[in-house]
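Chains as they are written, first to last, in my numbering: chain R, 13 to 349; chain D, 13 to 349; chain V, 13 to 349; chain Z, 13 to 349.
Simulated from the structure, these hints should not be mistaken for lab results. Glycine included, C-beta positions come from ideal geometry on N, C-alpha and C. Check before you lean on any hint, since a few could be wrong.
Said to hold, decoys possible - Beyond 12 Å from chain D on every Cβ pair, some chain Z residues (computed): (1) K101; (2) E157; (3) E255.
Unchecked claim - Think about it this way: if two alpha-carbon atoms lie no more than 20 Å apart in a straight line, the pair counts; the simulated SDA-like pairs of lysine to any residue are: (4) D/K211 - R/K58; (5) R/K329 - R/V344; (6) R/K32 - R/K58; (7) V/K82 - Z/K207; (8) D/K207 - R/K32; (9) V/K211 - Z/K207; (10) V/K207 - Z/Y149; (11) Z/K207 - V/A155; (12) D/K207 - R/T146; (13) D/K73 - Z/S147.
To be verified - Derived contacts from chain D toward chain V, CB cut-off under 8 Å, selection only: (14) S20; (15) Y189; (16) A269; (17) V300.
4 protein chains.
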Amino acid sequence: MIIVMSPSATKENLEKVIKKVESAGLRTHISEGEEVTIVGVIGDQKKIANLEMNMMEGVEKTVRITEKYKLVSRNFHPEDTIVDVDGVKVGGKQIVVMAGPCSVESIEQLREAAKAVKAGGAQFLRGGAFKPRTSPYDFQGLAEEGLKMLRQVADEEGLKVVTEIVDKDDLELVGKYADLYQVGARNMQNFQLLKALGKANKPVMLKRGLSATISEWLNAAEYIMAGGNEQVILCERGIRTYETFTRNTLDLSAVAAVKELSHLPIIVDPSHGTGRWQMVQPMARAAVAAGCDGLIIEVHPHPEVALSDGDQSLTPKNFNRLMEDLGKIAAVMERTV
Amino acid sequence: MIIVMSPSATKENLEKVIKKVESAGLRTHISEGEEVTIVGVIGDQKKIANLEMNMMEGVEKTVRITEKYKLVSRNFHPEDTIVDVDGVKVGGKQIVVMAGPCSVESIEQLREAAKAVKAGGAQFLRGGAFKPRTSPYDFQGLAEEGLKMLRQVADEEGLKVVTEIVDKDDLELVGKYADLYQVGARNMQNFQLLKALGKANKPVMLKRGLSATISEWLNAAEYIMAGGNEQVILCERGIRTYETFTRNTLDLSAVAAVKELSHLPIIVDPSHGTGRWQMVQPMARAAVAAGCDGLIIEVHPHPEVALSDGDQSLTPKNFNRLMEDLGKIAAVMERTV
Amino acid sequence: MIIVMSPSATKENLEKVIKKVESAGLRTHISEGEEVTIVGVIGDQKKIANLEMNMMEGVEKTVRITEKYKLVSRNFHPEDTIVDVDGVKVGGKQIVVMAGPCSVESIEQLREAAKAVKAGGAQFLRGGAFKPRTSPYDFQGLAEEGLKMLRQVADEEGLKVVTEIVDKDDLELVGKYADLYQVGARNMQNFQLLKALGKANKPVMLKRGLSATISEWLNAAEYIMAGGNEQVILCERGIRTYETFTRNTLDLSAVAAVKELSHLPIIVDPSHGTGRWQMVQPMARAAVAAGCDGLIIEVHPHPEVALSDGDQSLTPKNFNRLMEDLGKIAAVMERTV
Amino acid sequence: MIIVMSPSATKENLEKVIKKVESAGLRTHISEGEEVTIVGVIGDQKKIANLEMNMMEGVEKTVRITEKYKLVSRNFHPEDTIVDVDGVKVGGKQIVVMAGPCSVESIEQLREAAKAVKAGGAQFLRGGAFKPRTSPYDFQGLAEEGLKMLRQVADEEGLKVVTEIVDKDDLELVGKYADLYQVGARNMQNFQLLKALGKANKPVMLKRGLSATISEWLNAAEYIMAGGNEQVILCERGIRTYETFTRNTLDLSAVAAVKELSHLPIIVDPSHGTGRWQMVQPMARAAVAAGCDGLIIEVHPHPEVALSDGDQSLTPKNFNRLMEDLGKIAAVMERTV
């Protein structure tokens, strides 16, 4: 940490600052400039993390040098992590694809979707059984009934199941049917849920919050890893900006940023990220070219009758086309789909 | 709902749209313009809320006319709601003030803060016993020990207790000590928590999410009210923008907006909203002038040693000055502090 | 400036960094921590301002300590500046009010507006003769004809004229009729226009850009002052955020921030800042309570037929009510309207 | 346009609305719902564009159905436009690359950069001679001296010149040396400059504003086209969001959006879009995969001594690597580099 003194700080102010730092078991390094004096703080990072100096008289601002997350950091784990989801490797050479409807609606709908998903070459069936919806009057999902359908249909087609968990009390229930827990954007900082997942023995896919910084997102992953569960996959799904043409602004630079800062695999959701099915194909291609490890895509046999998110779902035919495209881009990246 | 057909839509596209609307038990009203045709959808609002038309061929966009929330809407309840928190009325003539430290740290700290808060004229003691923190390595609060201290000290000074709940499992625990549940910004769309609070028999203060629209915020309040708990207070605490000088951008226009759209009381948090103690006083004055029903303010006997949020906390002396100021502005608004 | 070396930086990297700093005529101060080494840069601020270090190998990031603006800074000019606009003092005890229609449409419309504005107690008549509009097909203003009307009507009522300049070629033309140049949000970083206004001998009101930080805004004011024109008034008019209920998000904390960072007067535009006439009155009151030096408000005799911005304009009757309110808040602030 | 009446609107309110629409030479179509009445407005789009209804009593809101831009719209010009820049086609099969330093600093620097740019396979040399800088004390560019160097060095290497114009008075001067005018983000809504460029006989590259919506950007392009200059290229360069890890948030979905809404070519600037040279390569690949028609990239022979934007510039060696990568992605897109 660096403490920047204000130009009007007195010698006494400076002395008090030094005293406070030292009384926290840390050392200081003073650098006197022509206009301002700067105090470097040296020592144990945990102690530094707890140091609050901004209120001291004469302090203009403080600058933190290091991020608080450790386990998710590439500095602490230079090689890429590969997360094994019941035999499917995420973060390795293969770019994994998770696809299916936004919500599980019926066994027929799901089966039709799963066949299309499998035929296109995806590894995972996705589908929401618990839906966090803005309004209490919107369709909230089929709950356990939906989970059962997911498992049954996925097994029929030889697919893995990824589905959202919204309540820590459902850890066992969802874990009974799913291969991969999904934490949605609205729950990215639901720390109780993250802590519970830190104790789970199945991998977790953590979506970026609606307006989460990359740092906050990695700190949220740190909650899961700090609990002992190191099988974490990150998922970029678009952030909230002033633009209204798209539902969110898909931030593909997050892929490159995460690859630089962390060893965890990252996948991209171009369906929620744009909210427009016409944009899913170009953005999925772009995500692979940016270096992502996988994609999660909404596919619905009949998007025009979907109970949620119809306008961002691909038809099976369009999904097939997309997968062909992705294969070619993946090859350039020396990867497979 | 209005369905706007694209200029290139065929007659057949239009017929299918009409058919889908009618098969949902709704009626249509067709308006043919020179460039585009528009389909008005008429009938039961719940059915309309579930209608998804964007994926139909020939549909350019749909426009929803009415908000989904009902119980929080001023249309459905024209008079201001006054929430009674164990005898203290929020939303009435008096502008209530909730004050205290960000975190409960020790009984001495809390008692000193509570005396200052009471002396200044506040009605509520605030203080976090459960702290949702970005990093798992930050101070997470004293939990029940902190709650006990809050209750004890508040009783000594004749103050009410408002404190954050972060887990639905703590409903009873927090309810045992607090007079008013606080839902923090990160949990505004933690729908499991909102549903649990909908069954609680104590009032709830719902903070606006970091990047929540006013509509999403009111829908979150609807979750609580739809569960049966109509004692909801809203709290504006700053939104996330590109500006970095302040911690958040305090959106005082939300006060006027909420007063127009809803009957619920709204209070303002200028401490988190700005993140700079120097700005708390002007922003608190402005909030009262904008028409808010209360304020929640961080006061710490020794902000320079606070375990969290020291730089946005007022000293007792500055809090006193603030309260004097607020009294004068309140008088102009024909209210009291 | 502080240079933070990355944990993996070599001794050689550090030596090159030091060499580059020294070869720019600056001195270094090295602080070796347990994890990272930090290089403080000491010397002439202008030289530091031109130093680019981020690309050097081994450099993790650089942190600038001081802002680049000087003339607008309160550090360099501790007392409040009062700008004299042909006898009307802006930044003094009186809170000035500028009011009138968005666009000048006709002499009748303007005269009716000016009478209302004068009757309400405002000092300035506002009105656009040159309108920067998003679409080339929107009404672009009456140009010199509009300026003449503004001057004539203002003189009839004893008001000053403030109006927007969009082109540096119009400096003389607009200056012939106006008492105060207005630079609109879209031109805040039109540096050619700012430089031209730096040579003008009339005061300038500089609106904040749609997504300008406070620092960028003050630097834009520095362009005008650096040219020799020290008569600058700042104007907060709302920033662009994700919220869509209001046209912009009026950032009243900018008032407190500007008062801390600069000596220049600041006024607030609640009409553009909210885009809804219902919100103008509460936000105007809040702005005065936050400590602003003036307000600029859209008033139109018949808002429902206005050629632009009808939905944010007050009727003369509502303007009168507003001015009464403002007088009371101003009195609390020990100021007058 | 659709006018939504409020639930409490009276019959008289409705009649006045209808009367106002009709008196503007337009027709209405009334759709009475159970809760609200909707008025469709039919007729000449220009008349509708000028209609302001929000202030009328009983009107809740209005919804515009069609965008105001025409010439840039794909509806009015379904085929892709190919802009010919002195023989180099932008928007055709070849993905064009513009590269060079942020600022022109000296003939040696520029020549070294140009050789690298040419060797890598780019078609254009970029470099700023007029720099719009946040602070008046930052390096402002070499002006005509810089333009001359650009032309000379580009001619030596057989490259085209693209450079920024910041002042309409420089139209002839910049046009004398450049093949393609660049309008920077800060000037996207400098309508005087856009109008002047509408009269120019050379093509224009229009960068997206820092917080411009796609609609505003296309309307800005309409200003140029409405003036008679149909040779317009769009350039996505990142938008301003709350994220601070990157300099801007590169919005690659804008590529897909522009391709849907407009026939104009679009190129991408991953250097300004991310502000970090490490991210330029993945984002450039992603941009091509998203469907862009070109890239503009900062290349500096010695980024560590650059006068501006050193941390986002590629070395010649990294630029070469990038170009190899792009060739492979382009091939998948059935294009060339």
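Taking the hints in turn, this is what the structure says about them:
1. For Z/K101, the shortest C-beta to C-beta distance to chain D comes to about 29 Å, beyond the 12 Å cut-off, and the non-interface label holds.
2. Against the 12 Å criterion, Z/E157 stays outside the reach of chain D, whose nearest CB is about 36 Å from its own CB.
3. A beta-carbon of chain D is positioned within 12 Å of the beta-carbon of Z/E255; the least distance is around 9 Å.
4. Straight-line distance between C-alpha atoms of D/K211 and R/K58 comes to about 40 Å, which puts the hinted pair past the 20 Å bound.
5. Of the supplied pair hints, the one linking R/K329 and R/V344 is violated, its CA atoms being roughly 24 Å apart against a limit of 20 Å.
6. At roughly 16 Å between alpha-carbon atoms, R/K32 and R/K58 fall within 20 Å of each other, so this suggested pair holds.
7. For the given pair, V/K82 sits about 35 Å from Z/K207 by alpha-carbon distance, which is inconsistent with the 20 Å threshold.
8. Distance restraint check for D/K207 and R/K32: the Cα-Cα separation of roughly 45 Å exceeds the 20 Å cut-off, and the hinted pair is therefore not satisfied.
9. Distance restraint check for V/K211 and Z/K207: the Cα-Cα separation of roughly 25 Å exceeds the 20 Å cut-off, and the hinted pair is therefore not satisfied.
10. Using a Cα cut-off of 20 Å, the hinted pair V/K207 and Z/Y149 holds, with the two alpha carbons roughly 12 Å apart.
11. Distance hint between Z/K207 and V/A155 is fulfilled; the C-alpha atoms sit about 16 Å from each other, no more than 20 Å.
12. The suggested pairing of D/K207 with R/T146 holds, with an alpha-carbon distance near 13 Å, which does not exceed 20 Å.
13. Between the alpha carbons of D/K73 and Z/S147 the distance comes to roughly 43 Å, so the proposed pair goes past 20 Å and is violated.
14. Hint on D/S20 is violated. Least Cβ distance to chain V is approximately 23 Å, over the 8 Å limit.
15. Because the closest C-beta pair between D/Y189 and chain V is about 33 Å apart, greater than 8 Å, the hint is violated.
16. With a least beta-carbon distance of about 6 Å to chain V, the hint placing D/A269 at the interface is held under the 8 Å criterion.
17. The beta carbon of D/V300 is positioned within 8 Å of a beta carbon in chain V (closest approach about 7 Å), and the interface hint is therefore held.
The structure fails hints 3, 4, 5, 7, 8, 9, 13, 14, 15 (numbered hints given earlier, in ascending order).
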